[in-house]
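Q: Okay, here's what each chain looks like letter by letter:
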Amino acid sequence: MAKIEPSDAGAVVIVGSGAGGGTLAHELTRRGIKVVLLEAGKRESIATFSQDPGVAFGQLTWLDPRTLSGTWGVTRDFPTLPAWIAKTVGGTTVHWTAATPRDREWEVTARTSYGNLAGTSLIDWPIPYAELKNYYQLAERRMGVTRRNGVPGMPASNNFKVMYAGAKKLGYKRVHTGYLAINPKPFDGRAFCIQQGFCAQGCKTGAKWSTLYTEIPRAEATGNLDLRIQCMATRIEHGTDGRVNAVVYRDAQGNEQRQKARIVCVAGNAIETPRLLLLSESSKYPHGLANSTDQVGRNYTHHIINFVWGVFDKPVRAWRGATLAGLIEDPQVNEPKRGFVGGYHFELCSLDLPTFPLVGIPYGWGRDFASVIDNFANIAGILVNGEDMPRADNRITLDPKVRDSHGLPVAHVHVDEHPNDIALRNHATEQAARLYEAVGAKRTIKGNTPPATHNMGTARMSKDPRDGVTNAWGQTHDIKNLFVSDGSMLSTAGSANPTLTIVALVLRQAEYISREMTARNI
Amino acid sequence: MNPALILQRREFLKAGGVLTGILAAGSPLALLAPTRTWAVELATLTSAEGATLMAMARTIAPHDKLEDAAYALVIQGIDGQASKDAELKKLVKDGIQGLGPDFAAASEAKRVAALKKIEPSPFFQTTRVKTLQILYSSPIAYAYFGYEGEAFSKGGYLYRGLNDLHWLPDVPAEDAGPMPVA
Numbered sequence: 002m003a004k005i006e007p008s009d010a011g012a013v014v015i016v017g018s019g020a021g022g023g024t025l026a027h028e029l030t031r032r033g034i035k036v037v038l039l040e041a042g043k044r045e046s047i048a049t050f051s052q053d054p055g056v057a058f059g060q061l062t063w064l065d066p067r068t069l070s071g072t073w074g075v076t077r078d079f080p081t082l083p084a085w086i087a088k089t090v091g092g093t094t095v096h097w098t099a100a101t102p103r104d105r106e107w108e109v110t111a112r113t114s115y116g117n118l119a120g121t122s123l124i125d126w127p128i129p130y131a132e133l134k135n136y137y138q139l140a141e142r143r144m145g146v147t148r149r150n151g152v153p154g155m156p157a158s159n160n161f162k163v164m165y166a167g168a169k170k171l172g173y174k175r176v177h178t179g180y181l182a183i184n185p186k187p188f189d190g191r192a193f194c195i196q197q198g199f200c201a202q203g204c205k206t207g208a209k210w211s212t213l214y215t216e217i218p219r220a221e222a223t224g225n226l227d228l229r230i231q232c233m234a235t236r237i238e239h240g241t242d243g244r245v246n247a248v249v250y251r252d253a254q255g256n257e258q259r260q261k262a263r264i265v266c267v268a269g270n271a272i273e274t275p276r277l278l279l280l281s282e283s284s285k286y287p288h289g290l291a292n293s294t295d296q297v298g299r300n301y302t303h304h305i306i307n308f309v310w311g312v313f314d315k316p317v318r319a320w321r322g323a324t325l326a327g328l329i330e331d332p333q334v335n336e337p338k339r340g341f342v343g344g345y346h347f348e349l350c351s352l353d354l355p356t357f358p359l360v361g362i363p364y365g366w367g368r369d370f371a372s373v374i375d376n377f378a379n380i381a382g383i384l385v386n387g388e389d390m391p392r393a394d395n396r397i398t399l400d401p402k403v404r405d406s407h408g409l410p411v412a413h414v415h416v417d418e419h420p421n422d423i424a425l426r427n428h429a430t431e432q433a434a435r436l437y438e439a440v441g442a443k444r445t446i447k448g449n450t451p452p453a454t455h456n457m458g459t460a461r462m463s464k465d466p467r468d469g470v471t472n473a474w475g476q477t478h479d480i481k482n483l484f485v486s487d488g489s490m491l492s493t494a495g496s497a498n499p500t501l502t503i504v505a506l507v508l509r510q511a512e513y514i515s516r517e518m519t520a521r522n523i
Numbered sequence: 037m038n039p040a041l042i043l044q045r046r047e048f049l050k051a052g053g054v055l056t057g058i059l060a061a062g063s064p065l066a067l068l069a070p071t072r073t074w075a076v077e078l079a080t081l082t083s084a085e086g087a088t089l090m091a092m093a094r095t096i097a098p099h100d101k102l103e104d105a106a107y108a109l110v111i112q113g114i115d116g117q118a119s120k121d122a123e124l125k126k127l128v129k130d131g132i133q134g135l136g137p138d139f140a141a142a143s144e145a146k147r148v149a150a151l152k153k154i155e156p157s158p159f160f161q162t163t164r165v166k167t168l169q170i171l172y173s174s175p176i177a178y179a180y181f182g183y184e185g186e187a188f189s190k191g192g193y194l195y196r197g198l199n200d201l202h203w204l205p206d207v208p209a210e211d212a213g214p215m216p217v218a
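Each protein sequence line maps, in turn, to chains V and S.
Reading the first sequence from the start, the letters are residues 2 to 523 in the numbering used here.
Reading the second sequence from the start, the letters are residues 37 to 218 in the numbering used here.
These are computed hints drawn from the structure, not numbers from a lab.
Note that the structure is a prediction, hence the values are computed from the model and not measured.
Glycine residues also receive a C-beta, built at the ideal position from the N, C-alpha and C atoms.
Check the hints yourself; a few may be wrong.
In silico contact screen, one side only, chain S against chain V (beta carbon under 8 Å); selected entries [what the hints assert, rightly or not]:
1. Q169
2. F188
3. G191
4. G192
5. N199
6. P205
7. A212
8. G213
Kindly produce the complete structure, drawing on both the sequences and the hints.
A: As structure tokens, then:
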């Protein structure tokens with residue numbers, strides 16, 4: 002691994018080592034570019050992952066304080082935890098369940114497809130879909146996605162069998178074990194999936210793609226990466242020319258450090274990324290970096306996520322197998338006659354016993370609540386994953402009161418649901434309940450909206466700088482050598498789980514950065 | 037959690053009380069434990085307070101055939117946290133006092149009514165969350181609900197019941213995928 006001097010002004014500094022930052026680090030270092038990768042969390046490994054859900058949650062989750070407001074169900078049910086994302090080397094790719102469907106063409110032209118819907122800030126993506134598609138293919142090859150490029154699908158689990166039978170009764174056509182970045186057979190030096198479940202606790206076999214053991218070790222092997230763990234970026238500095246030139250961070254001992262930079266790429270996920278830009282305010286940029294049009298932190302999207310459970314009178318044992326190995330693609334269509342614009346997927350889902358009563362089912366206690374858990378082994382599960390509408394006032398701001406352990410304002414997350422969000426959620430959860438009833442469920446339960454695992458849009462790509470923070474390459478409109486390299490870039494939410502899109506965009510961004518560095522444009 | 041932890045002998049006299057019980061014959065725990073009797077020592081709660089809190093946990097999450105030892109772990113957990121956290125200790129002790137001495141022996145209907153009255157309180161909400169967190173995380177609960185927990189150490193479920201559900205038809209090959217060769 003490289004040792005890059007703090008005074009070395011030639012390095013690219015990347016903040017965050019997840020799907021975006023980890024992939025970018027690999028892509029730049031393999032092109033001979035020196036990279037300092039700052040990661041706030043510790044470094045775990047497949048040997049240190051815990052199979053105790055409570056322990057794993059504490060080991061991997063970003064638990065630093067955040068505050069919440071708005072009508073979103075998460076504000077009520079999880080007032081201290083807006084997002085269920087990771088703070089560890091590899092970021093949320095350690096915790097993710099590896100579902101990798103694509104956004105469709107009509108989703109990346111959302112403003113054109115859905116029209117001028119009141120109360121939204123919809124835009125079209127500044128990238129032609131044909132071009133995005135090429136990078137989807139590259140990302141899928143890199144990650145070994147099932148049912149793409151000749152990679153076989155996953156075998157069917159009990160839980161999927163229930164979902165499949167119900168889906169067919171309802172007439173759905175495109176139902177299968179899903180597009181997953183999990184090896185159904187050995188690939189890329191990693192093992193095949195043994196269907197143990199526990200995807201979200203860190204994959205003990207490494208069958209699931211994670212930058213922790215794919216991109217990052219490869220970046221280290223180039224000799225061009227300086228990975229600094231337990232280093233929390235607190236501020237990005239700039240020179241009199243307005244270009245960024247250093248990142249200030251706290252190291253594992255809490256001491257302040259400063260790394261000079263030629264280019265800074267922020268990949269802290271869509272809550273911390275805008276927070277860092279806002280924290281970096283200066284006399285030249287009084288509202289924070291890249292915020293001349295007041296767009297940093299706005300247009301926060303999180304998907305319409307909802308558990309739906311079917312309770313049967315026979316065993317399902319839904320925990321057996323890869324957690325999300327099942328997909329119904331049919332509802333990913335834009336059919337305003339359903340009462341809303343945008344689409345959704347159904348994905349297979351299960352939760353472990355300790356998590357299910359706390360996260361999976363609505364608040365409750367007493368006989369009825371306990372009777373659901375009495376049937377735990379007989380419960381099949383679906384996760385709704387739908388597009389939510391961007392809104393200017395659904396946004397990340399700096400909390401005026403609450404401070405973190407470094408004395409800095411924490412992120413405040415405000416979300417008011419749009420009527421379209423509510424209509425989509427109602428439609429999807431009703432359909433999922435019908436699906437289970439069609440195969441004999443004695444009861445169906447519409448669960449909670451869990452803390453957001455898909456966080457997007459807060460530094461979004463836009464053609465017009467008035468509509469977003471970054472251009473089609475994730476380069477900020479205001480500052481040429483400042484990039485955003487994570488889900489914050491997504492112009493609208495689409496209905497696809499965002500990781501594949503993030504990796505595709507970052508593969509494209511890395512080519513651009515490399516080209517622009519060679520041309521000495523940045 | 038190791039069952040030995042709750043079955044350990046009293047090593048020295050503590051200020052707190054004790055909860056005791058007998059494991060049901062055939063209980064998975066009974067197979068592991070040297071004796072079917074169990075005792076949970078409390079650091080800060082008295083025996084009477086422990087019994088009231090236990091009745092509260094059983095009212096929040098009533099599983100009639102789940103043995104008392106599973107609920108005793110909840111009380112032990114809350115008691116342990118309260119012994120290190122003065123604020124929590126006061127919250128729990130005051131809350132238990134508020135429920136009164138007759139709560140533990142009251143009918144379920146009366147216990148539910150009493151808890152409904154205090155449902156918005158920090159005492160109830162804290163106890164509810166801690167009860168759910170601890171109750172469903174123990175090996176006793178895993179066994180009771182038929183949850184198999186981690187399977188990495190056993191080679192996963194790939195060849196151990198991934199697809200052993202026989203009350204619905206099999207998924208056609210084109211919508212699923214082949215079993216990998218081990």
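Q: Each hint should be assessed against the structure and marked as holding or not.
A: Outcome of the hint check:
no. : hint : in the structure
1   : Q169 : holds, 7 Å
2   : F188 : holds, 4 Å
3   : G191 : holds, 6 Å
4   : G192 : holds, 3 Å
5   : N199 : holds, 6 Å
6   : P205 : holds, 7 Å
7   : A212 : holds, 4 Å
8   : G213 : holds, 3 Å
Violation of the numbered hints given earlier is absent; every hint is satisfied by the structure.
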